[in-house]
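Trainee: Sequence:
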Amino acid sequence: MAAAAPVAELPPPLPLEGSVTPSAWVPPEGRPGLYDAEGRLVLKALTLPELEAWCAAEGEPAPANRALQLWRWMYADPPAGSWLRSLEETLGRQNGFSAKFIERVSPRVTLDGGLVLQQVVRASDGTRKLVFGLTGGPAAGGSIEAVLIPVVRRAGLRDRLTICVSSQVGCAMNCQFCYTGRMGLLGNLTTAQIVEQVVEARRFLAEEGDKTQLTNLVFMGMGEPLHNTEAVLAAAEIVGHYLGLHISHNKMTISTVGLVPEMRSVLERSRVQMALSLHATTDEVRDWIVPVNRRYDLATLTAALEELFPKVVGEEGQGQREEEEAADTGSDSGILQQPCAQPSSISAQRCDASEAPHDASESHQRADDAGTSSSAFNKSRWLPPLEPRPAERPSAEAESSSGGASTSGSSGGVGRGDRSLLIEYTMLHGINDTLEDAERLAMMLSRVNCKVNLIVFNPHAGTRFQPSTDEDVSAFRSALVQRGLVCTIRDSRGDDEMAACGQLGNVGLAFRPSPLLEPPEKFRRFLLPPPPPPVQPAAAAARK
1 MAAAAPVAEL
11 PPPLPLEGSV
21 TPSAWVPPEG
31 RPGLYDAEGR
41 LVLKALTLPE
51 LEAWCAAEGE
61 PAPANRALQL
71 WRWMYADPPA
81 GSWLRSLEET
91 LGRQNGFSAK
101 FIERVSPRVT
111 LDGGLVLQQV
121 VRASDGTRKL
131 VFGLTGGPAA
141 GGSIEAVLIP
151 VVRRAGLRDR
161 LTICVSSQVG
171 CAMNCQFCYT
181 GRMGLLGNLT
191 TAQIVEQVVE
201 ARRFLAEEGD
211 KTQLTNLVFM
221 GMGEPLHNTE
231 AVLAAAEIVG
241 HYLGLHISHN
251 KMTISTVGLV
261 PEMRSVLERS
271 RVQMALSLHA
281 TTDEVRDWIV
291 PVNRRYDLAT
301 LTAALEELFP
311 KVVGEEGQGQ
321 REEEEAADTG
331 SDSGILQQPC
341 AQPSSISAQR
351 CDASEAPHDA
361 SESHQRADDA
371 GTSSSAFNKS
381 RWLPPLEPRP
391 AERPSAEAES
401 SSGGASTSGS
411 SGGVGRGDRS
421 LLIEYTMLHG
431 INDTLEDAER
441 LAMMLSRVNC
451 KVNLIVFNPH
461 AGTRFQPSTD
471 EDVSAFRSAL
481 VQRGLVCTIR
491 DSRGDDEMAA
501 CGQLGNVGLA
511 FRPSPLLEPP
521 EKFRRFLLPP
531 PPPPVQPAAA
541 AARK
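The opening residue of the sequence shown carries number 1 in the numbering used here; numbering runs sequentially from there.
A hint or two may mislead.
[Said to hold, decoys possible] Simulated restraints, written as ranges between beta carbons of each label pair:
1) T434 <-> V312: 26 to 34 Å
2) M443 <-> P27: 26 to 34 Å
3) E436 <-> R524: 13 to 21 Å
4) D210 <-> E89: 31 to 39 Å
5) E439 <-> R269: 34 to 42 Å
Hints listed in this document are in silico derivations from the structure and should not be mistaken for laboratory results. It should be emphasised that the depicted structure is a prediction, and the values quoted were computed from it without experimental measurement. For every residue, glycine included, the Cβ atom is placed at its ideal position computed from N, Cα and C.
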């Protein structure tokens, strides 16, 4: 019997005219969402240097010029750009793309950001909540929310407009007081979807005739940004570029529940500001209301803060001068505006600050969206009631000697004395608002370069928590100030339309809500009665 003839190996496909083979371009390592469901490269997921590298691989004779042309059309304000959604939009326009270029690359690339604006919810104080439907990415079919927060400042200072963006659909951190945390994690946003929230906000403002510039950006919407680190840092670099959307890095703030390894990574790789959602001064309380504390307890977290944000000991009175300077100029974070003086009533004491609707009491990501976090939490949609804390943990010195921790003198900005941290602390009646809590907080932060922002709890459906009284908030702040801390009180913005801190999200999208954890016995008298078992939404039931 004759041997079968060998099968001829097919030659590789010929490259497109004027380009090189696709393998010549190396995609950014570890970044999710570079390609859409049809296999097209998402250009809005690339930074400007990465876009230039792609243009060079495409055989462009002047890749830097071509990349800049694409960049300005995607991100620059008119007339230099137009927040482009497709290359075809430029046909026949000045400085547009040639038909030949569009025909060559359009089948393989897309400028679609993966979301569309579905609804605008307007609050009585001028805050606007933008509801987006997701058309691509791991959470396609879901929805997210971003918030535009206006801040009118005194004469001589430019008004601010802060945008609070989401980084995930839902959240896996299961913080007990946060509405977003009740959703569990439904998926990560891609870099393009994070950037597109800013682009769509710019487009919306232009259509409204609102000429106020976006001055600040906070990653404090739905999701824990540091459980989607690669997408978030790339988005920050894109939004911060001076030739595009141009929100300065020192006016961007990333908030986290305290994921210590990821905090180190961000400080090494980025110039953005950081905020920590602390919310408690004892492990007993934080284990309950912020379950990630069972992984990074307060001792571990405090040691990391002292290393990453060391307080530089200055001359006497420095803290008072900081408070006076902040009162005069305001903070550039977009969260704080003015430290409050020492009035008798809380209503007078609240700062006219932009309310960052921070749902960073949350978050997580799916294991199938690899590359965004090394955390073991990526195995589930929310943090379960974790195992009891180990009796002993390695000390900070032991971690450092084993190579697990950066030293204060390391490169990349870790441990620099000029880094300041914003401490976010939600005031919950009877839970974390006593003068003893204030004293513990002051001691905990005594060697940390930080400012404290007190957040009056914004209630939502199904919560068992109640906001602290005005008197308790005022006394808490006064106790911190007397111990040398700079402290402000965040003025709730958009709370009448579920646009305030801890109120973002749509629990109806969840397969089933995240579980409410059992409170310690001594705090139960301060809680509202538990809500009735939720009725499973039809949409969630249909997906089973």
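Trainee: Given the hint of 26 to 34 Å, check if M443 and P27 actually sit that far apart at their C-beta atoms.
Mentor: violated, 48 Å
Trainee: Take a look at whether the Cβ-Cβ distance between T434 and V312 falls inside 26 to 34 Å.
Mentor: Because 31 Å falls inside the window, the suggested range holds.
Trainee: Quick check: does the Cβ-Cβ distance between E439 and R269 fall within 34 to 42 Å?
Mentor: Because 36 Å falls inside the window, the suggested range holds.
Trainee: Does the Cβ pair E436, R524 satisfy 13 to 21 Å?
Mentor: holds, 19 Å
Trainee: Is 31 to 39 Å respected by the C-beta to C-beta distance linking D210 and E89?
Mentor: violated, 23 Å
In this structure, the earlier hints numbered 2 and 4 are contradicted, and the remaining ones agree with it.
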